[in-house]
Amino acid sequence: MAEHLSSLRQPLVTEERSLHQITNEICAPMERRPTPLWWAGLALAVSALVLGIYCVTYQIKTGVGVWGLNKTVGWAFDITNFVFWVGIGHAGTLISAILFLFRQKWRTSINRAAEAMTLFAVMCAALFPIIHMGRPWLGFWMLPYPNSRGTLWVNFRSPLLWDVFAISTYFIVSAVFWYIGLIPDLATVRDRSKGLGKKIFSLMSFGWTGSSRTWSRYESVYGLLAGLATPLVVSVHTIVSMDFATSVIPGWHATIFPPYFVAGAVFSGFAMVLTLMIVARKVLNIQHLITIRHLENMTKVILVTGGIVGLAYSTELFVAWYSGNLYERFAFRNRAFGPYSWAYWTMVACNVGFPQLFWFKKIRTTPALIFILSIIINIGMWFERFVIIVTSLHRDFLPSSWAMYKPTFIEVGTFIGTFGLFFTLFLLFAKFLPAVSIGEVKSVNSFARHRGHGGSSHSTGHAEGEEPSHEEEEGEGQPGYATARVKAGAEGEVAV
Amino acid sequence: MESGRKTYYRESDPRLRSEGGDHQPEFPSELSLGDGEGDSAQFSRRGFLAALGLSTAAFTAACSRSPTGHVLPFNDKPEELTPGVALYYASVCGGCNARCGLLVKARDGRPIKLEGNDRHPLSKGALCAVGQASVLSLYDAARSRGPSIAGKPVGWKEVDSQVRAALEKAKTSAKPVFVVHPPDIGPTESAALARFAEVYTNTKRVVFDTSAVGLWAQAHESTHGSRTVPLVKLDIAKVVVGIEADFLGTWLSPVEFTKAYSKARDPKQGNMLVHYQVEPKLTLTGSNADVRFTAKPSDTVPLLAAIARALSESEPIAALKGIRAPELPPAKVGKIVGALREAKGHAVVLCGSSDPTAQVLTNLINQSIGAYTSILSIQSGTGYPAADATMEDLYAALGKGDTAGVVLWNVNPVYAHPRGAELKGLLAKVDLTVCTNDRPDETASAVKVHAPDHNALEGWADTQVKAELVSLRQPGVQPLFETRGAVESLLVWAGDTVTEEDFLRRRWESQVFPKAKNSPPTFVPFWDRALQDGFVELAPSDSAAPEWRPESVEKALTAHAANPPPQGLELWLYEKTGIRDGRLANNAWLQELPDPISKVTWGNYAVLSAAKATELGIVEGDMCTVTAHGQSVTLPALVEPGVHPSVVAVALGYGRTAAGKNAEGKGADVYPLARTKEGVFRREVEGITVAKAAGRKDLAKSQTHPSQEGRDIVRETTLAGLAKGEVGGHDAGHGKRHLSMWPDHAYTGSKWEMRIDLTACTGCSACVVACQAENNIPTVGELEVFRRREMHWMRIDRYFAGSADEPEVVHQPMLCQHCDNAPCETVCPVLATVHSSEGLNQQVYNRCVGTRYCANNCPPKVRRFNWFDYPHEDPLERMVLNPDVAVRSRGVMEKCSFCVQRIQEGKATAKAQGRPAKDGDVTPACEQSCPAGAIVFGNANDPESRTAKLREDVRNYRVLEELNVSPAVSYLTKVRAESTALGHAPAEKKHG
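Chains as they are written, first to last, in this note's numbering: chain W, 115 to 610; chain Z, 58 to 1049.
Okay, chain Z solo, but in the shape it has when bound (with noise of 0.2 angstroms):
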């Protein structure tokens, strides 16, 4: 303001400033940097650029730099190694003992996704849950970092140096050295452990097992003179009769076994392997069969003797006659013996009871039927090394003190021997014990030297999968720990200096090249190409089929008391799919996954019936006390279908003691409650019993709902239905466009859909594991699953019909379905959700802000919020994050991308070659995993597609059609080969 004059009035309009009296710049300046008199700035320049510096260095001293990263190229780039492009090794799964073959996909020189091998004879590309899982177990934060002596870390020479010595003294005693291993190591194994035994000639050899896939082996041995178990052609199969059997879930080899069953089962090909099934609980093969039967586990020599019995009338078996009918009613043993009779040549019965017996019965039964001839090859089977001593003996030695040293070779006998605290004891008086397990775990923290070995993807192995078929582990990383290979320990134990990877290569080029069938003419060539397909096939033997010995029919049932059936309860232990045996159950992400029937997560418990839950006076969730001989386990409740009235079932490999934070203390250790008979570990045990007991605990569930409620999700048909045309579901003329308030999205390019043919899809979660691994999706815990929290993107659901005793179970598998009018689309008030141009519903992590709106409109319910920060925070086991996939903050929304990633890698690859993208060059993580081959994705503008073809099928229908939200995703009808004998209708005909 000028001294001296009044100012008025000041017309702020430019324009009609020049009428006024004083003059003013055009545009007055709101901070003069003039010195001037008059100025209305209040600064001096000076002043100005005191402040100014002032302030900036208030500023920058204020704020600290955000920490500064470093991006270095590699000094020497290793040749194949492309930052940013994935290498992918061929391997075997250690999973489990079925070792299926697989890719291992590395990135940046460390594995973060395993995937089935497509050339892999016998897994064809497919990968299990466990399989899928165990790519986080190599990043295990309770794995050992390096051997150590009665808990101590020192080096490999200070264990080398003790381990001979004592095994040298132990030598010059005339006490035995036990080595105790899984009954499946592999050729290479046990080359190393013929040598060990060589140089110490004490040495005698225990398997510890199980399962009871060495007993079927050890039947071969009695009736056809090979211990072998063998190759099951399920997919030339016209029925299969599981007993105890869950083939599909948990028993020998999954994978396997359902690329065979979905295959034979296809209602393409006009008829379809027809499954029955006779088991104490509802087990995930069970789920699937289309006859399901449930009987006590004591009813399975009787009924496999009934059936031998009734299949063999013509010539009856004199051993028979002793043992008693069974009780499940003779119409339903009728009705597989006809079935059996009916497909004779082309019909298979598996058993998975523990009861030699009833092994031996199988075979006379498979016999009978021809089986041995077509679906069942022994001479193409695994074999399966004979011991030198059981776990008895070894029980017995160490008891008798006439025991020099104990090798325990990667088995948790302390843990999974009924009587493993007593083993505790008895290992602390024995100069040597040395464990190769990868962690402290029970038996390892028990031993005084303990030499952990490698994991799976760390070391070299070899497995015989099958007589024709020996496939080759290579690692997908150097050895995170100062771990060696138990081969490489053996060996050096033994004297021989020598590598893994050097004791493999060379056996390989005197035992395994030379019989390799099509092999290059030297070895270099075809180690190589091992290396590259991860198998050899070997040239098949020209021995001949082992002859059936009937004798031992004889000598096995006059083991078998005729017994009268067994009053009260039976005890039944079974495997979940996830957890198995509990060998990884310290994998967050098979303790997460849901069971497949029971959609159970982080925990074991009771499986009763409702008969005898009312009986017992049990809900859902109250503690019971199981007591078998003497020993009690208490743990919740679970009352399901499919359950036989006198059976408890309960999981295995639940409750372990040290095994990492995510197995401790989740769920009750069961082994205590099996018992060993004969040196065979048995999961049936009679005469228990089951009370209430105070307390209880809500089980974590990721579905709570058992029905469909007569809606139309799940169709069903019958292979016969199909025939005629009836496809379920609620309205024939499916696929009507109704009218829409939005226009149609036009996809000029690609249109990216999904198919799941429900009839293939047995409900393996396979998929679940694989999505969870590929999408880096956090695991929550067992508090947050049980409240309805869990983060799969893909999930199964599961809904009973029928019975409680005959409930027929269907699975499906549910994701985003990318819904070409998107509910949550509509109503992001951000648009963090949006359509793509291919038909991606795509989320945009960035841009969400949380409000939840898309997850309550989504109709299938799959969008998943990050309630908290799920962080990563273990440095190791973040080593496991795909970096192709963002790691999502809390308050996010995020669902199914179709594996956006992949999509777009796969585009980028067949841009690089100058092509349009075809049908397989993209494949989403389920849909590579899946054992089943149930998932077809791909381009449906395509019209060479599978996605596109299969849009014609008659079986194809959307789920949720009527809501007009247009899935990308689709189902294909699922067709059973036949109804139940008590079932019901194949399509639930309410109509709302």
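Same shape as in the complex, but just chain W (with noise of 0.2 angstroms):
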């Protein structure tokens, strides 16, 4: 470390790296060709999406009844998933929307790799309302469009199509942000790139030349996209839950379910991004650019959020105590002592016993550690929405309609299906996009050693023979500008 930087404020790129590496060590997975870890990966994606398709095939060419499902239990995997995936589509936009418009800095190197996994999950999340439906060929008359069908509209009072408007909403902005934030890497892509590659990445980075005004124009839209997806990483887990929060049934309808959802989406988001992280960084080998400052702030989130799930349990049981209400009182004595009580146990030690651990730096520090944690915590969120879903439907007002739910190999191959689309997307978005944001993370280098050291990056650049981009204009041609950006920054004038 140099000694000319503040000892309060840990470096975020933690290894000296002149702008022009950083941009190689982006680049370089989509540069080279694809290595064989990469292609067992993939393999292995690939095959958990045939699964996948397989079973949704059949279950649409068959019925709703390949599921397990019953008369009294008509939701189970498939409303479980889609509420799982939505909650790990969660961090993506929380860490690049609010964390940003919180001048969160340490939020550069994972924003992209968390908005991608965002737009991976909900789509892999958007999968399980249709395929769920008796009809799914039917699936548009969920859309409020004009229609001859007469007076046939939809019912504005069902949770289920505020949930189509708020899944919809959060994908498409979210999308665009992530995208409008792809902009000018995917011209540095451009700039570096030949051929046919060249030409799609012109199409992509719609003729972005880098200029100030360009720049000026982007943040300022980055900003409002910020802005406006901010509201959305909290409506729509406070829509999932009035799915269940709107009905009559015990263990379902209870006022707490919308912060309860958020906080719980946030925490499994963020432990799903450091599931991710923590490979991608030692895959991609940019360890320096995602540290362990990193992880540990993710941590901290998560221990945070936990301790609301955690809360929000307690007051659940406490709920239903105080309310008198036989049926309440019924439902959570049946989660933590009925039949599947198992799930109920599971779920409280994934959620709140075991992210305790995060309380000792020395766990907080140690990827291999938080990487447990983190597939602990999945699983924990995944029974989370089970134990809601399950068991307060299995067992709800008339005990003569009781039954068990038990899950069939289609349902799993399903949801280990949508764990193969999450993959396979993500490793192509590995091979063929920048993971990290190239530009922002350069706005976050350690300038003061690169001053003491510019001269070397510069002349390795041009042996290089590279074409100067925009980039390379920043950093070199006009060392200053990066620097007053930053700088700028730091100020709050311009927002990075």
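Hints are computed from structural coordinates only; laboratory data are not their basis.
Among these hints, one or two may not hold up.
In silico SDA-like pairs for lysine to any residue, Cα to Cα no more than 25 angstroms straight-line [to be verified]: (1) W:Lys520 x W:Gln135; (2) Z:Lys758 x W:Pro373; (3) W:Lys476 x W:Ile490; (4) W:Lys520 x Z:His762; (5) Z:Lys232 x Z:Tyr452; (6) W:Lys520 x Z:Glu766; (7) W:Lys520 x Z:Lys656; (8) W:Lys520 x Z:Asn903; (9) W:Lys175 x Z:Gly625; (10) W:Lys175 x Z:Asp175; (11) W:Lys175 x Z:Asn903; (12) W:Lys396 x W:Val170; (13) Z:Lys754 x W:Val180; (14) Z:Lys378 x Z:Pro622; (15) Z:Lys486 x Z:Gly458.
Per the computed footprint, the stretches of chain W lying under chain Z, defined by three or more beta-carbons under 8 angstroms from a beta-carbon of chain Z, are [stated by the list, open to error]: (16) 172 to 183; (17) 249 to 255; (18) 262 to 269.
Computed from a predicted model, the values in this text were never measured in an experiment.
Beta carbons: idealized from backbone N, C-alpha and C, even for Gly.
With the hints in hand, could you dock these two chains into one complex?
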């Protein structure tokens, strides 16, 4: 560490890197042939995806009856998976939008991948509301469009309809936000690529020139979108929670659900980001960009949101007791001690118990342990949704209808298939697009060191015979520019 | 783009265009059809037309037209037939021996539904589950398509010539021809048989009876000199003691008894018929009893003797002394005796035991409590024809080769006789074996000549239900196949060429018409009226009441050795409410009907008490082997409350091997475990063993949780409590309104509501099948029921309370509650379930996309989802579908519609008559069929309607009132005449 850096402020890029080096490092996976590890990962993901495609095709061909649902438990794996994936999709926008607005600079190296993760997770999630329908080919009836069926319209009282709006809005805004953020990097890639790639990236980067004016406009758009995306982080899972909260079923009918679900979503989303990033930083060899500090920050978010989730669990129990409502009390007694108590205690252990280990700095800074805990949290959060959905439904008001639910191979296969879809998309993303925001990471580079060693970087860049791109210009042609941006950013004038 | 000029920019706003250099039309056409040069269109006019022609040709060539169907009017329309309007024919039910009166609802010439005949004096418009389901058996694909000889289809001429030749040959030999028939053949059938016996003098009649029905008649022959089952006027009884008699479910005439029973137990009268039941296993009847004891079947005779002894203390009957004391504790026996003694002249004992001694003792008790002068009437009873020989005689004759022929007339002894397997071999040795069963079943496939009879809905018949009541069965449809009435067959073989109808009509003219009460002067109007009514009442005979013969008791008891109480386990073979003796085993509606007690569908099982199961290390679903006199049957176990610890109960009627795909392989055949003694089929078997066997079988139950969990679902009270104003339930101030998010519905016209009286409801499940028949509800099969996906819109919830030994049972019909604030309606994203202006919660199948949120949010969980396509594949079985109700496709939610098609029909009828619909114009299928009259449906906005009046009843309450869903269905608190001796508080007082 250079002694002239603040001792309070840890560097976000822990190793000495020139701007060009950063470009090279982030673009490297796109420009080299895929590694055997990538191929192996893709093969595994595609296999899972194929299994999922088989299961979904079979189910749509035969009927929802191929799942283990029954007259009492009308939703189980389908909606559990839906909420699980939507929850995972939360971290991306939270990182990119809210942390952006709060000027949390450490987000820069992870926001791209987290946003991509969000998009892919929402895609996986969106699958379930469609395939869980008895007649999925009529799914478009959920959309309020003018039609020739007279006064036939959608039911604006139904939370499922709110879901349609919430999820589609969230997906569109997240996708736009993500893509806008990608444009400068796409231009970088364009400038570095040849042939067909160049054409494609030219098209994708919308003629980005890297001029100050472009940057200025870009930054205001990005800031606006961040503002637009921020309420969605809260709204999406609030509305998902209303699928349950607005019902009459004991265990679902609870006013605590919106904040509880949002906290849970952030909790699970960060766990998933950690799962992915810990692997990605290793595989892509960018440990100095996605640093231990990043990981630690995320574990801290997990600790907080996990605490909220734990509080919500205990509040639910308290309210069930305090309400004096026979059905409520039974629903929670049944959760904890009924036939699905194993799922409940798995949930409690994974979501409330294990995350407490993050109080220890040693664990917060050991990627392998964080990885294991993130997986545990993901499992726990899946079970949380399973517990909410299945244990509430399977024993509700009339004991005559009480029933048990058991998933079938098709349901499990579909769930595995969504992981296949998710990782297939993520692997393709990591291969074909810059997984870390090049432009933004540069802005948090340690220029104090850079000034001392700028010369070598310059000569290296030109020695490789590359045409100076806009970043090159920023970094080398106009060395003052990026620095100025960073300074300005620190002063809060320009949003980066 | 015009050549030669560079277009820099084109303003899209037409208002700005005029400032531009070039002239553009105001509305530029995207696709110009002109040929002019410089036109932006790529196509010339010709080219466009050519492309249009080609693409049209390509489209039409690629698509095939949907198949064309033609709707043709009748060339020669039958006078009474209006397409779309149902016709009703009065007839007689063929489902069981009770022979209730019914109306056959036929649409466009095919029967689609059976309804009770409301004019019928006994069944009074009601029908049981079996009767409701029997219409499906008309369209059973497993029925024979025509006669066959040695399995080869032949014509009737061939059959007749062969049978007649064989009969002539038999006549010359000295060997007898046995005609085996069921116990309940009607007068015309008897006449045909008599005619047959007249021609073939070597005929011997054998009655094949696996029910104890004929046995009671037989007992009356010895005690009263009349082979009659008396008329039981249960409606005027104050105490009824049922011993092994499931008279509300399967015994004798359940519909008739349920009608009378619910009438006698109406708490409005201030007193109720008190019902005592002693039985080895909880039956439907036992589940309704006020006081119920369990006893071993071997305890029946000692118990009856003890009761008789106690009642005849003043003049002891010597013969009773020899019989041991019952194992039932004296306090319990004393309770029964006390009740009988107190209600002398208003009490009756009904015994379903298949021990002839028990039946004689029952008669003795009924005689001593004066039942024969009040409740029981032998003169008005049902006569049972005596047989010339017993089944044992038939076996003996067959064994000796001393038989010229066997005619099996609608009986299936190869399946249903304990020695049926043996019979199959014996029949093969006989020259002439004829069977008239409707399908190549176990017996029909073991004979040479199969001459299938009509289905009950295709043929003519009559039945002497009671001495003063003859019912007439007329066909509801032309025979579907080349079948022939068995009566006609017998007559043809006897040399008479006469149709079934003519023979019957002629007999009615000569025999019935002269005896009829209030008959028109000539036969034709009499006949027409009989056809319209479906029955004829005969003038009461003036014969004196038969005298009691005290010596008969002594005779019966000397036959009954003073056995010590048997040790070990006893087997009790019972009939389930749906499948009964297995006659209609291929009926999918009955197979899928949950047993009212066990809620198990599609099979039978060994019912054990919890104590015995623990002792044997058996849990529900474990396979176990029941062995009796060397015969073993392996079947799954079921642990049930209310079973005597020394009893294993197994239902008959399952394990058919040749009855059709729905029956075969379902359950196990336990007829071989039964035995016959002195020609009597005995259902009680002593000295059996039960052992755990390998494997398990999951029982397909429609309800798995037995308890109400202290919830306020079924409210109960006692008659004494009701008098004090106790109506059960948590809150006395029911009916108070809570705040609601949505504005209330305004019901300016009708508001359809339903009341269900839990006191009246016995749980007989007639409504379940009636609903299934009316609403085209598919059956889903054993595995799907196990997965809890049965489709019944109407179900009966059954809850146990109290101890496992002395359980109290409640039955609660549960259907869509048609809530005013329906939770299902708000959550459907596509508005596929909506509220009608008349209070109906309507399901729009076409709009439903199947999110199932409505079902999840339904508090009583009455919504049913089409998990798969449940196709009505068989073109024959498809004929039973009700054309007024849509058949649902997969992925669609469905549920009770309050029979909206009937509401519309009722309103249309009223409108056609120029009057508003009044109470009774609309009767949903469940209410129509209910033998107990427990269901009342109507317009609650009409203050004169029964629903409106019952709403004010103190017992009226709504299930899950506290949710403020405001259901249109309400229930009336169940009132018990008294709580059981070992009972508990009438209502669970737990408060959450």
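> What hint numbers does the structure not satisfy?
Replying inline: Hints 1, 2, 8, 9, 10, 12 are the ones this structure does not satisfy, whereas the remaining hints hold.
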